[in-house]
Amino acid sequence: MERFLKHHKDAPEGPIVLATPAQHGPIIHDLNPAAVAEGLSRGQRMVDARALCPQVAVFDAAPRADRAALKRLASWARRWSPWATVDGDDGVLLDITGCAHLFGGEAALLNEITQRFQSLAISARTAIAPTRGAAWALARFARQDMIVTPETLADALSPLPVAGLRISAPDELLLRRVGLKTIGQLMTVPRAALAKRFTTKAEAVHPLVRLDEVLGKRPAPLSPLPHRPRLRVLQPLLEPIADVPAVEAVLHPLINRLAKLLEAEGKGTRALKFEGFRTDGTRAVLHVATSRPSRAPKHLARLFKDRLETLDAGFGFDAVALEAVRAEVLEAAPADLTGVANLEGDEAALMDRLSARLGERAVLRTVLQESHIPERALSWVPALHYRPPARPISTRAILPQRPHRLFDPPEEIQVTYGVPEDPPRAFTWRRKTHKVAKVEGPERLAPEWWREAKGARLRDYYRVEDDVGRRYWLFRYGRFGDGRGLYEDAPPQWFLHGLFA
Amino acid sequence: MRAVQALLQDELSDRPKDGRAALSLVPASTLSPRKARQRQLPALKASQGLTEVLVDGARDGAASAFAVAAALGALASRKGAAVTHASLICWVQDPMSRLEAGQPYPHGLFGPDISAQLALVRAGSPADMLWAMEEALLSGAVGAVIGEVWGVPKALSFTATKRLQRAAQIGKTPAILLRYGPAQEGTRPASGAHERWVLKSQPSGPHCYDPAAPGPPGWHLDRFKTRLAAPSHWTAHYDPETNTLFAPNDQSSSDPPHSVPMASSLAHGALLKAS
Numbered sequence: 001m002e003r004f005l006k007h008h009k010d011a012p013e014g015p016i017v018l019a020t021p022a023q024h025g026p027i028i029h030d031l032n033p034a035a036v037a038e039g040l041s042r043g044q045r046m047v048d049a050r051a052l053c054p055q056v057a058v059f060d061a062a063p064r065a066d067r068a069a070l071k072r073l074a075s076w077a078r079r080w081s082p083w084a085t086v087d088g089d090d091g092v093l094l095d096i097t098g099c100a101h102l103f104g105g106e107a108a109l110l111n112e113i114t115q116r117f118q119s120l121a122i123s124a125r126t127a128i129a130p131t132r133g134a135a136w137a138l139a140r141f142a143r144q145d146m147i148v149t150p151e152t153l154a155d156a157l158s159p160l161p162v163a164g165l166r167i168s169a170p171d172e173l174l175l176r177r178v179g180l181k182t183i184g185q186l187m188t189v190p191r192a193a194l195a196k197r198f199t200t201k202a203e204a205v206h207p208l209v210r211l212d213e214v215l216g217k218r219p220a221p222l223s224p225l226p227h228r229p230r231l232r233v234l235q236p237l238l239e240p241i242a243d244v245p246a247v248e249a250v251l252h253p254l255i256n257r258l259a260k261l262l263e264a265e266g267k268g269t270r271a272l273k274f275e276g277f278r279t280d281g282t283r284a285v286l287h288v289a290t291s292r293p294s295r296a297p298k299h300l301a302r303l304f305k306d307r308l309e310t311l312d313a314g315f316g317f318d319a320v321a322l323e324a325v326r327a328e329v330l331e332a333a334p335a336d337l338t339g340v341a342n343l344e345g346d347e348a349a350l351m352d353r354l355s356a357r358l359g360e361r362a363v364l365r366t367v368l369q370e371s372h373i374p375e376r377a378l379s380w381v382p383a384l385h386y387r388p389p390a391r392p393i394s395t396r397a398i399l400p401q402r403p404h405r406l407f408d409p410p411e412e413i414q415v416t417y418g419v420p421e422d423p424p425r426a427f428t429w430r431r432k433t434h435k436v437a438k439v440e441g442p443e444r445l446a447p448e449w450w451r452e453a454k455g456a457r458l459r460d461y462y463r464v465e466d467d468v469g470r471r472y473w474l475f476r477y478g479r480f481g482d483g484r485g486l487y488e489d490a491p492p493q494w495f496l497h498g499l500f501a
Numbered sequence: 001m002r003a004v005q006a007l008l009q010d011e012l013s014d015r016p017k018d019g020r021a022a023l024s025l026v027p028a029s030t031l032s033p034r035k036a037r038q039r040q041l042p043a044l045k046a047s048q049g050l051t052e053v054l055v056d057g058a059r060d061g062a063a064s065a066f067a068v069a070a071a072l073g074a075l076a077s078r079k080g081a082a083v084t085h086a087s088l089i090c091w092v093q094d095p096m097s098r099l100e101a102g103q104p105y106p107h108g109l110f111g112p113d114i115s116a117q118l119a120l121v122r123a124g125s126p127a128d129m130l131w132a133m134e135e136a137l138l139s140g141a142v143g144a145v146i147g148e149v150w151g152v153p154k155a156l157s158f159t160a161t162k163r164l165q166r167a168a169q170i171g172k173t174p175a176i177l178l179r180y181g182p183a184q185e186g187t188r189p190a191s192g193a194h195e196r197w198v199l200k201s202q203p204s205g206p207h208c209y210d211p212a213a214p215g216p217p218g219w220h221l222d223r224f225k226t227r228l229a230a231p232s233h234w235t236a237h238y239d240p241e242t243n244t245l246f247a248p249n250d251q252s253s254s255d256p257p258h259s260v261p262m263a264s265s266l267a268h269g270a271l272l273k274a275s
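Listed in order, the protein sequences are those of chains W and G.
Quick note on my numbering: the first sequence kicks off at 1 and runs consecutively.
Quick note on my numbering: the second sequence kicks off at 1 and runs consecutively.
Isolated chain G, as found in the complex (with noise of 0.2 Å):
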């Protein structure tokens, strides 16, 4: 119960630094247009509870990237208070959504640097997937947990999201759940997660050496639970460089190159074969 008790309390001391609260700190009308858009949109940043992403389908990598992008926010706003704070992403996957959509592949996720900081485990059944979840979430030995659950089993019932939510907020570590299955509005199963998004790929941006290339993706971000705000939903692009999120209309000129253009590609070849 005193447990239960110093929980409410978090969450209640946690209300205003984030959300609504914290933006009315600075009036909008100091800020100039672009950085109000940017504030507008939602911080990379997983809470410390479960975020469920829900995604249509295993033919979109938005989800994937949102899950990692959100991971390594967290990582990186706990950094600054405890450096020794472990950085390891433990992924959980269950078969089907390994079968259908594929497996992480950490040189795309974080670029090669921190690749060695994944830990991915094939659990054997959507139950067996809870376990490992719940486990790595209370051992607190790891930065973040994501997870992957294909469709809605039966062992991932409203109960069972509510024990993800909790051991999370035990273990002090973000949890994030994709769940590749209904994401449109009235099929969505319950949850009790404290955080639930849809995300969506969009066309991306204009690419900053070639018209014709994909450029900066575009996602559509769907929050549609959320205890810190109300509902909302965005249309922005991303940038790995900085993890965050930008206006469609902010990137036309000051934005870095997002990506090695493909004529390094080129060299690269021979590079790999020099060394």
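Looking at chain W on its own, in the form it has when it is part of the complex (with noise of 0.2 Å):
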């Protein structure tokens, strides 16, 4: 709700709920305190609210934004404690073994905290408790922030109502309606009466379990969000610089400098972002891609060095960076004892060059693929994301023979022909008539039902000689009758697909 009102500074005044869809409609994902006290509530579906309330002001809720902004508050939270986590939709979780006396305490680093989310102007309910659940539950229902230490975590505790041990709201409603409505209720009940009562639940969220989890009977880990260092290097420079050699000359140490920081964290990089700061403030950017991570500081400055004249300086730069926009685990390889070049390496380093020159889509391999129909058989994927088949396929020996040349797509001729299912005995391929001197088929492939379209008609190959011996791989889409033209009764269609020898 408070990263929304951020972002919409003309939000009307008075009761604002975020929506978001549900099974029956949409429901409240969250609200204000207008909302609030004109009596709707969290999870209240959008309908009643509205006949509750008619003014209210409705908008859609963000939950991958909300997420995305926690995670993000997350790593902020990070200066006070290493082990910072996202903790359910709305928290976030600090490990401070250790840490608060770097802050002047734990009272101190509470307040600390408290008043840093202050600033920027997010409300936040802090606590401080020897276990994750405990603080979680502190956090949420006690009444003010609170620290509390081992001694005192049962007494804390008991006030607070059952929803704080992170349970089910079945069970929440359950413990409820058999009178257990705080925590230091059901810690007077015995064990094995409430492990009968909840046979059923899975482990995790047994009320049993969780009470143990608050009173640290058992542990409950945090696992820290990953920290990866950004694999960037930055250079700013004394005069501004426009000329591609100046450019190249700042950019040799930077790539130096960004292969020392790939090898210390044993990567490779797949992609690289360079950046260019103008002096106005504007930036240039240019972006290469290897085939396979690399941090040869030789290979890298080759990929750029047919980009650099097409970066536009502007006024010139004053600042340089480079970023591995996308980096790989690579394993120092041992220098080759063979004597025998690193082949596969070269024909990488040659893909990677021709990509980030002529762009990643006209650089190709082939795939073989499972399909008879000729320009399916194999596909043309970017050498760049290219990967050799485990084991060569072989179907030669049930392939007939197959054109050098393919028309893709195949290009539409007019024929002569005798009798309609016959071979044609000439035809005008982009406006020359070839008389045929000598044919070869039907090879007849079928439509694959499994993926064309109803209509698609089956293709009766030919391979044809001309008059003065050029070879043509010729079909006819369709068969006379076969309904299944573009209108009633059309006729059968021919292409031209390919060239032989």
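The set of hints was computed from the structure by calculation and includes no laboratory data.
Mixed in with the good hints, there may be bad ones.
[What the hints assert, rightly or not] The following residues of chain G were derived to be distant from chain W, with all beta-carbon distances above 12 Å:
#	residue
1	152
2	184
3	190
[Claimed, not checked] Capping the alpha-carbon separation at 30 Å, the derived lysine-lysine pairs in DSS-like fashion look like this:
#	chain 1	residue 1	chain 2	residue 2
4	W	267	W	298
5	G	162	W	432
6	W	298	G	162
7	W	305	G	45
8	W	298	G	172
[What the hints assert, rightly or not] To spell it out: a stretch of chain G is covered by chain W in this simulated footprint if at least three of its residues, at any positions, have a beta carbon under 8 Å from a beta carbon of chain W; those stretches are:
#	region
9	61 to 72
10	98 to 104
11	119 to 128
12	138 to 149
13	162 to 169
14	201 to 214
Predicted model only: the values in this text are computed from it and were never measured.
By construction, the Cβ of each residue, glycine as well, lies at the ideal position given by its N, Cα and C atoms.
Join the two chains, each given in its own frame, into one complex according to the hints.
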């Protein structure tokens, strides 16, 4: 809600709710105090809410953005402890074991945290407790911000409602119905009775398990957000530079620094981003990619070499930065003792260089596909994403001859034939008529019914030689009377699909 | 300068191994007539340098097949020396040749066995195409480089062809350049390539099973420029199985079937579905 209000300064006064779609129409995801005053509550159906309070302003909730914001907040909270993580949809959890004295004790730390959040205009409830579950419960249900020690834990928890145990909603309802409203009441109930009452529950959300977690009788580990340092190097410049050789001169040390960073991390880069910060406050960006992880400065420098000319420096760059946008694990390979150069590596380096200058979609490798339709039997994939097959596929034994060149899509031709079902006597392709001297065929390829539209027609392929000796691959698309043409009783079409040697 | 000298020496030392000098080692009289005719046909093997193949228009598939045959020949001869050498063929197309002449189809060019060994580069302009060829040649990472260019673009000047020739020699990689454009004598553009051919389809030989079907492809090969022998021209049939040429009157009886007969294609659909 606060994130929403921050981004919508023009939001109306009065009750506001954020709605989210649910199984039976939208429900309230979050609401402001004015809406609470009108009697609305979280999880209520929007239709009911509108009936209660017709003037309510409704906006869409953005749970994904909320989660992302919370994650950013958790990373920011690492200033107090390296063990910080997102807790549920609305909390940040810090393990401050051994950290508090850095901030002058637990009370001072709690104070600082509250103040920092206030300066961010985020209202936050905080609590410090010896267990994770207790901190969770105290932050949400205690009357004020609290610091609890192991000795005072049971006393502090007793007055809190059972919802503070992070149990499921039906369990909470059940406990309330039997009169166990607070955690203190629950603690007095014999364990055997509780365990019997909730036998069917999954272990993790079992009230008894939760209770043990809260009291520290059972471990509740915390997994911190992974810490990933940005693989980025920045070089501010004394004087703005604008010409290519100068940019190249500052780029090389940058690449060397980044390579050292990558080596320390045991990683190689798959995508690099070069940023030039212009003096007028704008930015020029250059991306290059590699087909396999690399941190060889020479190779990376060559990828940039041909692209730097395209960079528009404007009035000059006063700072440049280089970042490994995508990094993958790259183990240091021992030097090759056989003396044979690593050819696969050379090949990948070549593909990288070609892709860097001509574009990713311009450098292609073939991947065989399971299809008998000629144009579908193999697909062209960008060399940057190509992985050689585990074992070579051989289909040669069962394939009849295929053309050396393929037109994709096939080109339509006009044909003259004696009998409709016969191969053509002559055909016209690109405004030139070819007389047919020799024919082999037909080779009939049925449409792939599991893939193609219902009206797809079969193809009869002919290998044809014209009177001067050129060899073509023609096909008749459809049969007479197959009822599958563009219109009723459409005759088959003819196409030229390829050329033979 | 030292590099140039070394190259020249290479060329000189190559000389006796190829062309007529090699032929003279075996007296013609000791060969059977068929062998003798076979000997006179050129080997399908691209030399280390630039080989230009001129084609008149996009309707002829012979030139691409010849280019691949020459590249495979060069790879095969190389394999004997160093088995580890790269066998990737880099195929660079300029946009016009792709539009006019379609794209290479590995199933037909090599059979599906080694189709993964082709890298296709779709350059955006003839200049980019030349750059890509040069880059691939100099890297030494590919077994052969085949380029395709439509017409006579400005970028493909005499100097550019010399550059490619140099790059192919330095990278020790055969380069084959398919040029769709004027192929008639007197209209051919100047070029620094050490070997130049004109390729034309000829009526095919008889099919081993079906007299009405096209058999082994017939080619007219005109090697009008070469450093190792006198210019010459041949009419021959191509055998894709062995990657060799043979004289038209030799394929009468003993030749292996060059393609799977069509009868098996009927079973092909069923096989695919069953698998």
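Is residue 152 of chain G truly not at the interface, in the sense that its beta carbon sits beyond 12 Å from all beta carbons of chain W?
-> The claim holds: residue 152 of chain G sits with its nearest Cβ about 20 Å from chain W, beyond 12 Å.
Chain W over the region 98 to 104 of chain G, status - at least 3 residues with CB closer than 8 Å | holds (count 4)
Mind checking, does the region 61 to 72 of chain G have 3 or more residues with a CB under 8 Å from chain W?
-> holds (count 6)
For the region 119 to 128 of chain G, do three or more residues have a beta carbon lying closer than 8 Å to a beta carbon of chain W?
-> This one holds; 7 residues, not fewer than the three required, reach chain W with a Cβ under 8 Å.
Would you check the hint for residue 267 of chain W and residue 298 of chain W, treating anything up to 30 Å between C-alpha atoms as holding?
-> holds (16 Å)
Whether chain W covers the region 162 to 169 of chain G (at least 3 residues having a Cβ closer than 8 Å to its Cβ atoms) | violated (count 0)
Is residue 162 of chain G close enough to residue 432 of chain W, meaning Cα to Cα at most 30 Å?
-> violated (36 Å)
30 Å Cα cutoff - pair residue 298 of chain W, residue 162 of chain G | The hint holds at about 28 Å.
Given the hint that residue 298 of chain W pairs with residue 172 of chain G, does the C-alpha gap stay at or below 30 Å?
-> holds (22 Å)
Beyond 12 Å from each Cβ of chain W, as asserted for residue 190 of chain G = Per Cβ check, residue 190 of chain G is outside 12 Å of chain W; nearest 27 Å; holds.
Has the region 138 to 149 of chain G got at least three residues whose CB is nearer than 8 Å to a CB belonging to chain W?
-> Three-residue rule met by the region 138 to 149 of chain G, so holds; n is 4.
Hey, is residue 184 of chain G genuinely clear of chain W, shortest beta carbon separation above 12 Å?
-> holds (15 Å)
Checked against the numbered hints given earlier, the structure breaks hints 5, 7, 13 and satisfies all the rest.
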